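Basically the working numbering = 1-based index in the sequence shown + 1.
Quick caveat, the hints were computed from the structure, so don't treat them as lab data.
What you are looking at is a predicted structure, and each value in this text was computed from that prediction instead of being measured.
Don't take every hint at face value.
[As the list claims (entries may be wrong)] So the derived label-pair ranges between C-beta atoms look like this:
#, residue 1, residue 2, range
1, Arg193, Arg93, 26 to 34 Å
2, Tyr214, Asp112, 34 to 42 Å
3, Arg193, Arg82, 19 to 27 Å
4, Ser154, Pro185, 19 to 27 Å
5, Val58, Trp117, 36 to 44 Å
6, Asp205, Asp112, 32 to 40 Å
7, Cys178, Ala101, 33 to 41 Å
Backbone N, C-alpha and C fix where the C-beta goes; we use that ideal spot for every residue, glycine too.
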Amino acid sequence: MNLAEGRTADSRVAPGDPIPARIAGVAARATGGPPEQDLPLDHTQAILEVTKEIAGVLKASDCPFALVGSVAAYAYGIPVRLQHDTDFAVRREDADTVTALLREHGIEIVDPPEDWLVKARRGGEHIDLIFSLAGRPVTTELLERAWTLPVDSVHMPVIDPTDLMVGRLAALSEHHCDYGKLLPVARGVRERVDWDRVREETGDRPMAAAFLYLLELLDVIRPSGEAEGTGPGE
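Using the sequences and the hints, build the whole thing.
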């Protein structure tokens, strides 16, 4: 049997076998396009609906909270695609009250192995209730700095832009350092951020310092100590 015959014999597969899907994927990539099943799904509207529902429950709890993460960036007008989850910062001492109220509203609570958040699910979308942002506890002071903004027409507290950037930069590491996703966020909120405080709170982190230097080179922000203000020169 030659190699050609062997290939023909091996290509006979039963219906439902995953091999044809893989072959289709290889063929699609060979012709310059990804297979349809590999394309990312856009969950933006579904995540926004869940965000509004959770915000309503949190408002009823009388516990302070703030929207964080990618949906917070969206609230500030950053054109991000929402695909993973919606994140809310809450104080650790309010966790039991908040999770009990979510359960009363039929929202599934999932206890993760991590001790700095609670996970939940609603309609196939994921929700994170976070007690610690990049290793820093969520405090009353942080939540009091939140801005009230409309998120798809529903007003809710959204993490302060400076705290948003501090959290994003503090989370950078050698294993997770995607400047490509962070740059549009920095550009979008640059005039509302206290960059001196960002430098002060993240300056001891190499990945954060490198990103801030990149922002200076791109004229997104003023070089440190050049002039007072929160944005680049006119």
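Hints, verified against the model:
no.	hint	result
1	Arg193 with Arg93: 26 to 34 Å	holds (28 Å)
2	Tyr214 with Asp112: 34 to 42 Å	holds (41 Å)
3	Arg193 with Arg82: 19 to 27 Å	holds (22 Å)
4	Ser154 with Pro185: 19 to 27 Å	holds (23 Å)
5	Val58 with Trp117: 36 to 44 Å	violated (21 Å)
6	Asp205 with Asp112: 32 to 40 Å	holds (33 Å)
7	Cys178 with Ala101: 33 to 41 Å	holds (38 Å)
When each numbered hint is compared with the structure, a violation occurs for hint 5 only.
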